[in-house]
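Asks: The lines below spell out each chain.
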Amino acid sequence: MTLKKLAVTFVLGSMALVTVGATSVLAQSHVNSPDPALGTPNVATEESHIGALTGHAASGKGLYRRYCIGCHGQDGNGEGMNAAWIDPKPRDFTEATFKCRSTPTGTLPTDEDLYNAVTRGFVTTNMPSWTALTPQQRADLVAFVKTWSPRWTNGKSGTPLNIPPETAITIESILHGRELFQKLECWKCHGPAGHGDGPSAITLTDDKGNPIRPYDFSSGSRFMCGVTNRDLYRIFMTGLDGSPMPSFADVVQPNDAWDLVHFLRTLQPFKTQETNLWMAYKASHGSTLKPIGPDAAPGAQ
Amino acid sequence: MFNRFPNGEGRIQKSWTRPIVTCALLVLAIVVCDCQIGSASPTNKVMAIPAFARKYGLPCSACHTAWPELNNFGTVFRDNGYQLGNDRDSPIWQNPSYFPITFRITPNWHRETAGNQQVDSIPGGGTGSGTVSRNVTQTGFDLSGMDLWSAGTLFKNISFQLLPSSDSTAVWHFESAWVRIDNIKGSSWLNFKFGRFELDNLVSEKRFLFLSGNGGLYQIYHFNVPGSSNDFGYGDNQIGVELMGHNANSYTRYSIALLSSNEGGVGLTNSVTPGGNPASRSFDGNLAFSQAFNAGSLGLERIGAFAYIGQRPTFFQTSQNGGTQLVGLGNEPFYRVGFAGDFFIKNLELLPLFMHGHDNAYLGNGLASNSGPLPSTSRAPSFNGGFLEAHYYVSPQLVLLGRFEKINVGQQADTGNPGNFGNVTAYSVGYRWYPIMFSRAGLAWHNEYSISKSIGIVPESGDGTGLPPLLPTQGVWSSSIFIGFDFDF
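Protein chains in written order, with the numbering used here: chain A, 1 to 301; chain B, 1 to 489.
One or more hints might be untrue.
Said to hold, decoys possible - Facing chain B, a subset of chain A residues (Cβ under 10 Å, in silico): (1) 80; (2) 127; (3) 140; (4) 288.
Hints were generated in silico from the structure; no laboratory data involved.
Please read these numbers as outputs of a predicted model, since none were measured by experiment.
Cβ coordinates follow ideal geometry from the N, Cα and C atoms, glycine included.
My request is simple: use the sequences and hints to build the entire structure.
Replies: Right, dumping it as structure tokens:
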């Protein structure tokens, strides 16, 4: 046998062996396909529809394996290898319970809701913004995420909440929002000053029993589900399913909801129209304001 | 870097059946026993930072098409100053025991062969020995250099990188060292970097997937026409400042760099290790721009262009009657311009690059510009070249590689040179398999074969050694086989 033949044999043999090894290891690290026996949507046919985009679960499967599996796990249950070190915990797709929705509490989100979540990321968690992926890739991922739960086969997405036009930002609106903040007991979790340090804060857990912190308005970070006043309106009218944050859609009228939005903006460390109005009011009427909290009488200002 | 023939021409291997068989058995034993050991290999040329994976909990594949090559998500992360843009960016969020550092070295077996080498007809030389042309081959187990890399954020929007790197004999230098002010005035279009860094190449040689002696570099990134005293390599890190910007998803990127004219050297010399020539007092400039396009289900397509304009000294201010060089003088200009692409057709990635290079006649002929008029045979040399590289991603854990390179000297520095003097053709194929690609470490099994043909010159290889042929019209075929474990922890 010539040297050249030996070398070629060696290299090819090595490659063949590695290929065999790779096959076995790759088999171990594959994304597990959702179990049809559970009634989960078919990976081969499941789609998502975001505007003109159509996402395909079959394409999303490879993307999920590349980008998502480390946290969300090969079974989509939020138990990826990094989950133990992540706080808050990654989403469990098998439950199909999502915080950021445009749909009523208890219902499935729209494809666009999921797409927006992937695009935006969650600033206070380990979930980054995936704008670096193409829109098509994000749509494909949404389609694949839907294959983890039979809820997507058995039910439809809820009807998106109708958000009326924003009311005028006035001091009256802010003061009324402050009343609601007291009345609805928002302060119990978010704290009287919105620092996320209310008396109930330490006891809160998500639906998996993991400790969860209320949003700290003074942190200045983005809201979990968006940055605009409409996003804030949507958050407390739909609630954050899977967390202690309930939906107030049944107890708050639309105009009242906008008042609450305007007040919540004053808790943030930004120069906004709401903040300017509020600071001016406090300078002239601060002594007449009753504190927020357990000692405040109902209807306190 | 592999020292191809560290002791001159090396020895001629008449028979290496036994070493090959031994090597094969050992490698097979390693593979069969357990590929999932938690350690393994790579070289000092390429970069990947599992320290970031550990920080953010993402797998290697989130930022790398196949590490160390970045995908667009990784590019955005890097462009943002190693920040994801969430609350986890600042070091204050990290456990105090967290340290953003990674180690990399490549245990490997490799075989290097070069043809038409000038060797003694009788090994050892002596009476009766002449110079003849023969093939020279070396083979054996080896180590690459080592990287000890730290990078991350010093604070929100202040990032850094420090990369002490050694060759395989542990001679260290600073491959990279810089601080970057990110997102100045809240704009991703303004980022300022200061230090020694890689040029903003669309196709990075520091993050590519080839490791062998022949294939572990882009020929065009280090090419200078035969006889030139220019030491510039577009793939080499340079030292200076850079203003860089990008849009939110890094589809649009630009870079403007002002650099010392000393090939990234330190100590005001042209070398990162002791012994370099003194630098001149001039500066070079590099401009780079790229734009990506969303091609729907095909993927992301990117095109870019670059231009490097520089100068190098042609003589030196000396003392002691020429015994000591003090500072480079007689700067003469050169430039490199080109364009590149990064195209995806689903799982197939194509990386084409074209470059045109031009040197001043004094520089191209290695003549001092104060030595009088140019000889009538001297001209300003130029060359054209590039490559087409292909990656096929079977999965995030298996990638097949191939590359073709070609360089033609368009105008020889000396009219007496043969027309094809210095031309280069090269081919590389291989694959990388990543049995471990976690958020804590990465391991790749790397196989590669690379071969190049250089006309009349020393073949460009990882260590730059080897010998020119007897005649300037002769081609030197140089090949590498590389098998190794590439690990990053």
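Asks: Could you work out which of the previously given hints the structure breaks and list their numbers from low to high?
Replies: 4
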